[in-house]
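With chain G fixed as given, assemble chain W onto it according to the hints.
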Amino acid sequence: MVEIAEIAVSAAELKLGTEPVQGDGVRLAHAGPKARYSLRARDAKALADVIGRALPGKIGDTEGAIACLGPDEWYALLPAGTEMPRGEGLAVSVVDVSSRALGLVLEGPGALAVLSSGCPLDLAKMGVGRATRTVFETVEIQVWREGEERWHVEVWRSFATWLWHAFVAAMHGAK
Amino acid sequence: MLLIHCPYCEEARPEVEFAYGGEAHIARPVDPSTYSDEQWEEFLYIRSNPRGRHHERWRHAHGCGRFFNAVRDTVTDVFETTYKAGEARK
Chain G
1 MVEIAEIAVS
11 AAELKLGTEP
21 VQGDGVRLAH
31 AGPKARYSLR
41 ARDAKALADV
51 IGRALPGKIG
61 DTEGAIACLG
71 PDEWYALLPA
81 GTEMPRGEGL
91 AVSVVDVSSR
101 ALGLVLEGPG
111 ALAVLSSGCP
121 LDLAKMGVGR
131 ATRTVFETVE
141 IQVWREGEER
151 WHVEVWRSFA
161 TWLWHAFVAA
171 MHGAK
Chain W
1 MLLIHCPYCE
11 EARPEVEFAY
21 GGEAHIARPV
31 DPSTYSDEQW
41 EEFLYIRSNP
51 RGRHHERWRH
61 AHGCGRFFNA
71 VRDTVTDVFE
81 TTYKAGEARK
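Residue numbers (our numbering), protein chains in the order written: chain G, 1 to 175; chain W, 1 to 90.
Just chain G, with the same shape it has in the complex (with noise of 0.2 Å):
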């Protein structure tokens, strides 16, 4: 008779962690509640207007928390509650996706690694303060650099969960 070895992890225990997780040189964390928005137009002016805020005009630059993702596209990471006009009637979308997405935060020196793992960027020549959509093994993903060795990663909320695994099994393995 063959024995069956025993799953290391049942499906039960594969739940989104609370806690943040600390790692040798890296620690994974929540970003808590955040207010998102995408914002899209052909007129980058028109839409800043609307907004009231400025726009970074370059792909992958930031600005007072809005990241430039494409051409036409803007992404706004503001603090939980932080209302938008919408520009109604106009030719510019602003729309609230707040619970779209889960904000995760790797921290420290091992940080890179641990990102690096699964996403083909080369991140080490990412600047402090650029943001980029790309992506994490097949999970797409948001990178913010906020500082040397902090990383913002935006994620689809039903990829967080094993975002979340992936990262924690990377921080075992990372040095």
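Since the hints were made in silico from the structure, they are not lab data.
Remember, it's a predicted structure, so these values are computed and weren't measured experimentally.
Yeah, the Cβ is synthetic: ideal placement off N, Cα and C, and Gly gets one too.
Each hint should be verified, as a subset may be incorrect.
[Said to hold, decoys possible] Heads up, simulated DSBU-like pairs for lysine-lysine below, C-alpha to C-alpha not over 35 Å straight-line: (1) Lys90/W x Lys58/G; (2) Lys90/W x Lys45/G; (3) Lys15/G x Lys125/G; (4) Lys58/G x Lys84/W; (5) Lys45/G x Lys15/G; (6) Lys58/G x Lys125/G.
[Stated by the list, open to error] Computed from the model, here is a short list of chain W residues facing chain G with C-beta under 8 Å: (7) Met1; (8) Leu2; (9) Cys64; (10) Gly65; (11) Arg66; (12) Thr76; (13) Glu80.
Relative to the frame of chain G, chain W by itself:
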């Protein structure tokens, strides 16, 4: 991993961020109702399939989200150049 230069992000980015979009510069029929079966066949299915320089569409799906055009060598897999959608064939 292949690095592809996105003309919108102005950066070389990893291949897995991109999605392939087929041959580039194929114009849609202006008045589809006038198309014969042969013309539809030509438009839908017939592609140049060259050995060498190939003009093709790519989308930076996990990046800026934009479609752009690329010239890739189908033999060596080397990207000769990429340019924004709407620009003339290179």
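So, going through the hints one by one against the coordinates:
1. Lys90/W x Lys58/G: This hinted pair holds, its Cα atoms lying about 25 Å apart.
2. Lys90/W x Lys45/G: Status holds; Cα separation ~32 Å.
3. Lys15/G x Lys125/G: Distance ~33 Å between Lys15/G and Lys125/G Cα, so the pair holds.
4. Lys58/G x Lys84/W: holds (16 Å)
5. Lys45/G x Lys15/G: Violated, at roughly 43 Å.
6. Lys58/G x Lys125/G: The hint holds at about 17 Å.
7. Met1: Since the shortest Cβ distance to chain G is 6 Å, the answer is holds.
8. Leu2: Violated - the Cβ of Leu2/W stays beyond 8 Å from chain G, reaching only about 10 Å at its closest.
9. Cys64: holds (4 Å)
10. Gly65: holds (5 Å)
11. Arg66: holds (6 Å)
12. Thr76: Nearest chain G Cβ about 22 Å off; hint violated.
13. Glu80: Cβ of Glu80/W sits 22 Å from chain G, so the hint is violated.
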